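Please arrange chain B on chain A, whose structure you already have, making use of the hints.
Listed below are the residues making up each chain.
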Amino acid sequence: MSPAEIRDVIIEILEDIAPDEDLTGLKDEIAFREQLELDSMDFLDIVMELRKRHRIQIPEEEYGELASMESTVKYLTPKMADL
Amino acid sequence: MTSEASQTDCPDNQRIVITGIGLTAPNGNSYTEFREALLNGKSGVQDYEIRYFGKTFAGVCDYDERRHQSRKDRRRGTRAASVGIYCANEAVIDSGIDWENTDRSRVGIYVGVTEHGNVETENEVYEIKAFDYDTQYWSHHHNPRTVANNPAGEIALNMGIIGPHYTIGAACAAGNAGMIQGAQMLRLGECDFALAGGVSESIHTFGIFAGFNSQGALAGEGDPEKASRPFDKHRQGIVVAEGGCLYTLERYSDAKRRGAKIYGELAGYAMNTDATDFVLPNPERQAECVRLALKKAGLEAEQIDIVSTHATGTESGDLQECAGLREVFGSSDKTFVNNTKSFIGHSMGAAGAIELAGNLASFEDGICHATINVDELDPGCSLPGLVVNQPREVGPVNYILNNSFGMLGINSVVIIKKV
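In the order they appear, the protein sequences are chains A and B. If you read the first sequence in this note's numbering, its first letter stands for residue 7, the second for the next number, and so on. If you read the second sequence in this note's numbering, its first letter stands for residue 16, the second for the next number, and so on.
If we strip away everything but chain A, and leave its shape as in the complex, we get (with noise of 0.2 Å):
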């Protein structure tokens, strides 16, 4: 997956895990929680959707990667690269 396509996965979560936040205007370099009422489960659902659907393991360490699209992108990119 390209980076763009990554992001694209990371909105449709973000679409099913917070369904009333307009996601628009979402600044990719601005933490998710700065833009979005967003809680620990809901970082929560982050990573086990990807689990779910992508089969990607994020270590707990790592969490703090998902901060914003900026990051988290970044961090998926190698790990997507040959999905």
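In case anyone wonders, no lab produced these hints; they're calculated from the structure. Don't take every hint at face value.
Keeping only pairs whose Cα atoms sit at most 25 Å apart, straight-line, the calculated SDA-like set for lysine to any residue is [unchecked claim]: (1) B:Lys87 - A:Gly31; (2) B:Lys87 - A:Gly70; (3) B:Lys87 - B:Gly132.
Here the structure is a predicted model, which means the values were calculated and not measured.
Relative to chain A, chain B alone:
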């Protein structure tokens, strides 16, 4: 041992009244819609299909899930809580209380449930099947969804209520049990405003259908609207339903002070236990429970105008309840008898609360709604006051007695008085 004084002799700050009703039933999403459906003979039972079990019948609710809850919170929570949130908000609105200025630390939530957690557990087991039952795919939402207090706790979250909240697990007696608990907590001064009743999400678990089917107690043949037929000789068994009904309960002194409308007063109640069988009812204990509620209300049996029966459409349950009622009410033709499950099926933990709500309007209109789908009355269920197929004008109604019984021999009775 202490004996309790008649609950009608209480001072005003110990009298408990109903000041608001929020409900969703398979044939109506408000008190007035539901009553209209009952008087018009409108069923809420329809064709239904659920994983593994396949095609069956169920009472399905169509209330607006988004009316009082965001999509995100609905996704995170449970159907039982969604039903509860709808009912709780509607009840508070109906009560007319100044909710913005109500001290939420003095509000208590007491929600009766038959069971809780089966739906979510079945869903998760189904989900991880796709991953060869690898439990790392098991949802982190599972525990908050399945804790026994979930339906009440989600109501508290939704409405910012910070008084006590919990569920009352009481099988199919739970709707009455929730009301009784709310009344007791008001009397004890543990809260000033109680949201109390019952909810059910049971139609979303295949296990309840499969369990009743294996027990030989599930209806499933012919026209769905005719499937739930308590007291009929050709009854088929239980139709499972979902739904909810929560009342706002207040002390009479508080309700009177704020000029609240009052649907009725909890004149008496009782709960007891068969201690004889896992599933089969015991008419002697049921009759004792009715008598105990009458005693607490300071009433004689013939003073009850309407008995709302629990009967579910199983041969044993119908006959045993009728035997119990015959024992208490004898040949009284002043007491009218009906059944709500014939319209909506068995809404389990919500049943007691919903079925009472369907009768409360009788205080105003003097009409007793019927039990429908009785094509050939079972002679064993031929109670003198049974209102069959068509509603009946019965004149002034002052007392309604509501039966609700459940597995493991749990019996509950509430008596509501016109105020």
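Against the structure, the hints come out as follows:
Distance check on the hinted pair: Lys87 of chain B and Gly31 of chain A sit about 19 Å apart at the alpha-carbon level, within 25 Å; holds. A threshold of 25 Å between alpha carbons decides the hint, and for Lys87 of chain B with Gly70 of chain A the separation of about 23 Å falls inside it, so the pair holds. For the given pair, Lys87 of chain B sits about 20 Å from Gly132 of chain B by alpha-carbon distance, which is consistent with the 25 Å threshold.
Every hint, counting from the list given before, is met by this structure.
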